[in-house]
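Chain F is fixed; fit chain X onto it per the hints.
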Amino acid sequence: MENGLSEQILKVLENNSRLTDQEIAIMLGVSEEKVHMEIADLESTHIICGYHTLIDWDKVGYEDVTAFVELRVTPQGGDGYQKLAEKIKEFSQVVTLYLMSGAYDFLVMVRGKNLKEISLFVSGKLASIEEVQSTTTHFTLTKYKELGVDFDMGRPDERMVVTP
Amino acid sequence: MKELLSQKVLQLKPSGIRKFFDVANEIPGVISLGVGEPDFATPYHIREAGIRAMQSGKTFYTANSGLCNLREEICNYTERRIGLTYNPNNEILVTVGGSEAIDIALRTMINPGDEILYIEPSFVSYLPCIVMADGIPVPIELKAENQFRLTGKQLEDVITQHSKVLILSYPNNPTGAIMEKSDLMELAEVIKKHNLLVISDEIYSELTYGREHVSIASLPGMKDRTILINGFSKNFAMTGWRLGYVFAHKEIMEQMTKVHQYVIMCAPTVSQYAAIEAMKNGEQDAAYMRESYNQRRRYLYHELNRLGLPCFEPEGAFYMFPDIREFGMSSEEFAMDLLDQEKVAVVPGNAFGESGEGFIRISYAYSIDELKEAFMRIERYLRKKREAGNDIKRNRLLAYTTKTNITKI
Numbered sequence: 013m014e015n016g017l018s019e020q021i022l023k024v025l026e027n028n029s030r031l032t033d034q035e036i037a038i039m040l041g042v043s044e045e046k047v048h049m050e051i052a053d054l055e056s057t058h059i060i061c062g063y064h065t066l067i068d069w070d071k072v073g074y075e076d077v078t079a080f081v082e083l084r085v086t087p088q089g090g091d092g093y094q095k096l097a098e099k100i101k102e103f104s105q106v107v108t109l110y111l112m113s114g115a116y117d118f119l120v121m122v123r124g125k126n127l128k129e130i131s132l133f134v135s136g137k138l139a140s141i142e143e144v145q146s147t148t149t150h151f152t153l154t155k156y157k158e159l160g161v162d163f164d165m166g167r168p169d170e171r172m173v174v175t176p
Numbered sequence: 319m320k321e322l323l324s325q326k327v328l329q330l331k332p333s334g335i336r337k338f339f340d341v342a343n344e345i346p347g348v349i350s351l352g353v354g355e356p357d358f359a360t361p362y363h364i365r366e367a368g369i370r371a372m373q374s375g376k377t378f379y380t381a382n383s384g385l386c387n388l389r390e391e392i393c394n395y396t397e398r399r400i401g402l403t404y405n406p407n408n409e410i411l412v413t414v415g416g417s418e419a420i421d422i423a424l425r426t427m428i429n430p431g432d433e434i435l436y437i438e439p440s441f442v443s444y445l446p447c448i449v450m451a452d453g454i455p456v457p458i459e460l461k462a463e464n465q466f467r468l469t470g471k472q473l474e475d476v477i478t479q480h481s482k483v484l485i486l487s488y489p490n491n492p493t494g495a496i497m498e499k500s501d502l503m504e505l506a507e508v509i510k511k512h513n514l515l516v517i518s519d520e521i522y523s524e525l526t527y528g529r530e531h532v533s534i535a536s537l538p539g540m541k542d543r544t545i546l547i548n549g550f551s552k553n554f555a556m557t558g559w560r561l562g563y564v565f566a567h568k569e570i571m572e573q574m575t576k577v578h579q580y581v582i583m584c585a586p587t588v589s590q591y592a593a594i595e596a597m598k599n600g601e602q603d604a605a606y607m608r609e610s611y612n613q614r615r616r617y618l619y620h621e622l623n624r625l626g627l628p629c630f631e632p633e634g635a636f637y638m639f640p641d642i643r644e645f646g647m648s649s650e651e652f653a654m655d656l657l658d659q660e661k662v663a664v665v666p667g668n669a670f671g672e673s674g675e676g677f678i679r680i681s682y683a684y685s686i687d688e689l690k691e692a693f694m695r696i697e698r699y700l701r702k703k704r705e706a707g708n709d710i711k712r713n714r715l716l717a718y719t720t721k722t723n724i725t726k727i
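Sequence lines, in order, name chains F and X.
Count along the first sequence from 1, add 12, and you get the number used in our numbering.
Count along the second sequence from 1, add 318, and you get the number used in our numbering.
Keep in mind that the hints are not guaranteed to be accurate.
Straight-line C-alpha distance at most 20 Å; calculated EDC-like pairs for lysine to aspartate or glutamate [stated by the list, open to error]:
1. Lys-690(X) with Glu-35(F)
2. Lys-541(X) with Glu-498(X)
3. Lys-157(F) with Glu-26(F)
4. Lys-137(F) with Glu-98(F)
5. Lys-511(X) with Asp-542(X)
6. Lys-541(X) with Glu-504(X)
7. Lys-23(F) with Glu-609(X)
8. Lys-337(X) with Glu-660(X)
9. Lys-128(F) with Glu-44(F)
10. Lys-337(X) with Glu-650(X)
11. Lys-101(F) with Glu-142(F)
12. Lys-541(X) with Glu-507(X)
13. Lys-482(X) with Glu-498(X)
14. Lys-661(X) with Asp-169(F)
15. Lys-376(X) with Asp-357(X)
16. Lys-482(X) with Glu-609(X)
17. Lys-155(F) with Asp-76(F)
18. Lys-661(X) with Glu-688(X)
19. Lys-661(X) with Glu-170(F)
20. Lys-499(X) with Glu-530(X)
21. Lys-482(X) with Glu-438(X)
22. Lys-23(F) with Asp-603(X)
23. Lys-690(X) with Glu-26(F)
24. Lys-690(X) with Asp-33(F)
25. Lys-702(X) with Glu-631(X)
26. Lys-46(F) with Glu-75(F)
27. Lys-690(X) with Asp-76(F)
28. Lys-23(F) with Asp-687(X)
29. Lys-157(F) with Asp-76(F)
30. Lys-690(X) with Glu-44(F)
Here are some, though not all, of the chain X residues that point toward chain F, as calculated from beta-carbon distances under 7 Å [to be verified]:
31. Asn-343
32. Gly-347
33. Val-353
34. Leu-622
35. Gln-659
36. Ala-663
I should point out that these hints are in silico values taken from the structure, not numbers from a laboratory.
Don't be surprised by glycine CBs; every beta carbon is placed ideally from N, CA and C.
Chain F extracted, bound-state conformation (with noise of 0.2 Å):
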């Protein structure tokens, strides 16, 4: 039971991340107290990396581009994939880094004003690095549905407003 507490409340604050500590530790059954501490301890360690807020910026008018680049690098031996990534996760307009098994080796999802100012930074940034063979840009068109949760308005209750 006390292992899980820390894994249950990474699931509720994974959903839902404005919950207060009270309001956590009421619907877990535990005392704020402990919530409070297991919370500190899990962000100390790195656990929880951070609180984001997910917006769907379309629908506020914002014209900003995302795409997805996949990067071919030169083959690394020891620890080679990660000083590369440790070199491109310092660009500010590099959002997302994953190291990928397959047909290319890094997929970066960059965020950038427009088309020309993402193509410049593939271009200057990402494609002049060393180790780098080749780039393929994809940029994204619409967003339905991020982290689990979809950017629809949601489904209205379709429930009855009273039954048995």
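Okay, now just chain X, sitting in the frame of chain F:
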């Protein structure tokens, strides 16, 4: 026109919920805590199984008692979950929801004049189904101080030579009560002593918190005298599919199947295919939903305590049944007033029988955010009521003191 109709049906009262629904449905912006069904849509893999069934043209009748494969899967699931073994060939019937099972079970067992004991408050269908099957309904009034559990003594007190069937429904709608094994053992002794049959409606069996559900049929000597009802609506969020099932001794089942056969023919075929998927691969979904309900349950219970509404801590289903007698209103007046003032819909307790008077049913099949908003409104409502109540008391006190002063003079 009315005089041409059945007296039996004419005398049935329309469901109290229906009446309240008609009003609540007309008011815009209502936050409802009045719903008796899960807020989860049916898990997608189960819906997909239904879609596949349709696409591949599974649009014919099935065997009266249901698809053979489904019956087998239900029996496997039941054995896994509550350790009871039934024969898929002659001890199970797939029905149109638990509701049909209640109806056909009663019709199969009742001879005119038989007394049918049922707990109250409880699901709205028992009483009318008993009446329609020519039984004599005998409600057993449960007490909040017993956490709405039925005791052997209470049962013993209402038994006469005409008593035939006891209807149990735990985990309970509307109270959220459960029965622990020891409670059931005590009942089983009385049931066996008086040779009663039991209809045990366990439609919320997957929704108990902190304790595993125990079926009365699993107690020694109880299986053969218990008609065990369950279904997919609550446990797998499949209300609209209308699918339930019932287990009984093969001699009872043989007769019950006749009623089902002539009235229903068979449960919807597409739903049955979807249900196979639920039985095979749905336990994780049920566990996930249970955990989620449990968080809301704790939250709601905490809120009721904070607002000072007396309520025992329910351990099953997804309802709470707080006591609102301090406000001196009937539960219907209270629910109507709350709806009117704060646009929050709850169900008046008397919709579940006279003994539910003085209580309201609050469902927590809602997201935490919805519950939060609803409770903000309820808090505001209670504060106003209590302030108004204090004013009345003060005025009475004032009137009393003035009067006594006058007499002194």
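Is the hinted pair Lys-690(X) and Glu-35(F) satisfied, with a Cα-Cα distance of at most 20 Å?
-> With Cα atoms ~10 Å apart, Lys-690(X) and Glu-35(F) stay inside 20 Å; holds.
Assess, step by step, whether the Cα of Lys-482(X) is no farther than 20 Å from the Cα of Glu-498(X), and give holds or violated.
-> Violated - the C-alpha atoms of Glu-498(X) and Lys-482(X) are around 24 Å apart, more than 20 Å.
Taken at face value, is the distance from the CA of Asp-603(X) to the CA of Lys-23(F) at most 20 Å?
-> This hinted pair holds, its Cα atoms lying about 15 Å apart.
Measuring from the C-beta of Leu-622(X) to each C-beta in chain F, is the shortest one below 7 Å?
-> Status violated, d = 12 Å.
Satisfaction of hint between Glu-609(X) and Lys-23(F), Cα-Cα up to 20 Å = holds, 11 Å
With a cut-off of 20 Å on the C-alpha distance, tell me whether Lys-661(X) and Glu-688(X) pass.
-> Holds - the C-alpha atoms of Glu-688(X) and Lys-661(X) are around 13 Å apart, at most 20 Å.
Would the stated hint for Ala-663(X) survive a check requiring a Cβ distance to chain F of less than 7 Å?
-> For Ala-663(X), the interface hint holds, since the closest Cβ of chain F sits about 5 Å away, which is under 7 Å.
Does the structure keep Lys-337(X) and Glu-660(X) at a Cα separation of 20 Å or less?
-> holds, 19 Å
Supplied contact hint for Asn-343(X), tested at 7 Å Cβ to chain F | holds, 5 Å
Are Lys-128(F) and Glu-44(F) close enough, with their CA atoms no more than 20 Å apart?
-> violated, 50 Å
Does the nearest C-beta of chain F fall within a distance shorter than 7 Å of the C-beta of Gly-347(X)?
-> With a closest approach of 11 Å, the Gly-347(X) hint is violated.
Under the criterion that the straight-line Cα-Cα distance not exceed 20 Å, is the pair Lys-661(X), Asp-169(F) satisfied?
-> Holds: Lys-661(X) and Asp-169(F) sit about 16 Å apart, inside 20 Å.
Checked against the numbered hints given earlier, this structure breaks hints 9, 13, 15, 16, 25, 26, 27, 32, 34, 35; the rest are met.
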